[in-house]
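The residues making up each chain are set out below.
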Amino acid sequence: MTRRGLELSPVAGSLIAMDDVVIEVDGLRRSYGKFEAVRGISLRILRGELFALLGTNGAGKTTTIEVLEGLQPATSGRVRVLGLDPVRDRAAVRPRTGVMLQHGGFTGALTVRETVEAWRSLTVRPHTVAEVLELVDLTDRVNVTVDQLSGGEGRRLELALAVLGRPEVLFLDEPTTGMDPASRRRTWEVVRELQRGGTTVLLTTHYLEEAEILADRVAIMRGGNLVATGAPEDIVRTLPARITFRLPATEVPPELPHATRLVESDRVTYESRQLQGDLTRLLEWANAGDIQLAALSARPATLEDAFLDIAAENDPTDQHAEPEAVR
Amino acid sequence: MSGTMTTQNADTASTRGGDRALKPIWQMVAMMKMEMLALRRNWTASAMNVAAPLMIALLLVSKYGGQTVPGVRRVVSVTTLIMVFLVHHHLTTVYASRRQELVLKRLRAGIASDRTILFGTASSTVVLFLAQFVVLAVYAVLALDLPVPRNPLVMLLVLLLGSSIMAAFSAALSAITRSSEAAMLTTLPTVVLFLATPGALLELNASPNAMERMLWFLPSGPFTEVLRIGWLAETDEGRSLSFAGTFVETLPSFGVLLIWLAVSLYLARRFFRWEPRHG
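The listed protein sequences derive, respectively, from chains A and B. When we follow this note's numbering, the leftmost residue of the first sequence carries the number 1, and every step to the right adds one. When we follow this note's numbering, the leftmost residue of the second sequence carries the number 1, and every step to the right adds one.
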């Protein structure tokens, strides 16, 4: 897997040739009546990059991706895909993009083959039915009607349609939601394969593992805002490591020089900016007092910590967050 | 699987203009095929919406063998019946269910324009309606010994215009229709409006004169009049018309239908929904 480890600073961004910026978002806002789902976000996605948009439900991920797909107009701000306006220049953009919606979009009575055939007629220079079903591992389901497919199979059929036209830019809205682990792995392989072929991918997900494994860069959304953007390891690097253990309530755990301490009954958690030093101090304290630190663990931050830290923070705007799907 | 997954660059994208998938007409054909397949799979809908009206129509015209004027009036009246049930009621359910299934949204994320998607989704029902009219007309001419239509051109024009009006009303009404069951209710007022018109299910000269003149302005009034004049080349009062005369005589009807078309298109544009309402 390629990790480009791109710089986060806008200075680095401005050095990149404009041709290589495939998706450009400047101050995007999108409201439904009084509710503002997206509140002024900006981002740039480069050619060949795999970019993951993370966030809880109602954070504005689907709204953002649907504006980029051209399914919804921006209320204000500027959006460009391949240098074009996805709503105004629809005819020019669509033959070069592939879209996988968050939900369905099939006539259930048709078979898998009939569905792919129909969509081939609506796609420029499409893959053959055999090619694309092989790709998503649905070859043996070709004569089954769509409403008999399992949830994961249905999602893979949608993926097949999204990549049918060899898109330059691929939008995937929660592509692996409802998939079993095998389907999920298959989907990741397909996405990686496409990326190797030069496709730029924007996906939304609430699986952190997925973002961590697949994405070159992630952005975390909360309440319609982007609260962090960068390579997963860079986002993680800004967070403290964690030391946890259990301690009888009679003992008072020590202060550590680079850590904050949280005690919940017998459970002690330190968030440490200098894991090695703090851990040494802790163990010295324990050894000196002959104290047993039960279930001791020390680990660096993960994207999940970052996510929980950033995205799930109490945010007053979340209370009237609408469901993400459709209005 | 590798090797097939290559990305297109911008240069080749612009030289692919000859591709069939980019032509609206072929996009509509693809959507029509999809709808026809769905209809074939859904026997209840097919029987209710496709077979039943034609059967009833054939039964209703069968006693008019050899009676030129009453026969043609009856054929025209059942044609309106078929059109209202198929291109209005049934199409409303089609638009509503394709919206609820997110098929419309998915189509919109593809290369077809909004207009092509609306036309493409309607095309199968319109084609079915035209085919049923042909069956009915052939039956009327061959089995019932009614005269051959004199001006098929104005008839075709008015069938297309009438279908467009019905389809546009369907698009508008589909916005407040959540399922095919709900469509029974939501299209009831329009179905009554379209059928309770002299020439449609009301017999000509059966209502008080002033009322009949007013009701004529409903879409089925001019629609049925053009069909009668086109078929018989004579006015409802029995005045014979030349071929050219049938065009002149039907002009006011076409005028009224164009106004209806404008109204129905305005309503469709104003109310049509591409996605289900949430909550």
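Do not take every clue at face value.
Said to hold, decoys possible - Stretches of chain B that chain A covers, calculated by requiring three or more beta carbons in the stretch to come under 8 Å of a beta carbon on chain A:
#1 21–35
#2 98–105
Stated by the list, open to error - Computed spacing ranges between beta-carbons, pair by pair:
#3 A:G33 <-> B:P147: 37 to 45 Å
#4 A:R113 <-> B:V141: 54 to 62 Å
#5 A:G40 <-> B:A262: 50 to 58 Å
#6 B:S179 <-> A:V263: 54 to 62 Å
#7 A:R125 <-> B:V141: 28 to 36 Å
Everything labelled a hint here was simulated from the structure, so no lab data went into it. No residue lacks a Cβ here, since even glycine has one placed at the ideal position from N, Cα and C.
Here is what the structure says about each hint:
1. Counting residues of the stretch 21–35 of chain B whose CB lies closer than 8 Å to any CB of chain A gives 9, so the stated coverage by that chain holds, three being the minimum.
2. Under the rule that three or more residues need a Cβ within less than 8 Å of chain A, the assignment of the stretch 98–105 of chain B holds, with 5 such residues.
3. Distance hint check for A:G33 and B:P147: the Cβ-Cβ separation is about 60 Å, which falls outside the suggested range of 37 to 45 Å.
4. For A:R113 paired with B:V141, a C-beta distance near 41 Å fails the hint of 54 to 62 Å.
5. Checked against the given bound of 50 to 58 Å, the beta carbons of A:G40 and B:A262, roughly 40 Å apart, lie outside it.
6. In this structure the hint that B:S179 and A:V263 lie 54 to 62 Å apart at CB holds, the actual value being about 56 Å.
7. One distance hint, 28 to 36 Å for the beta-carbon pair A:R125 and B:V141, is violated here, with the actual separation near 47 Å.
In this structure, the hints that do not hold are numbers 3, 4, 5, 7, in rising order.
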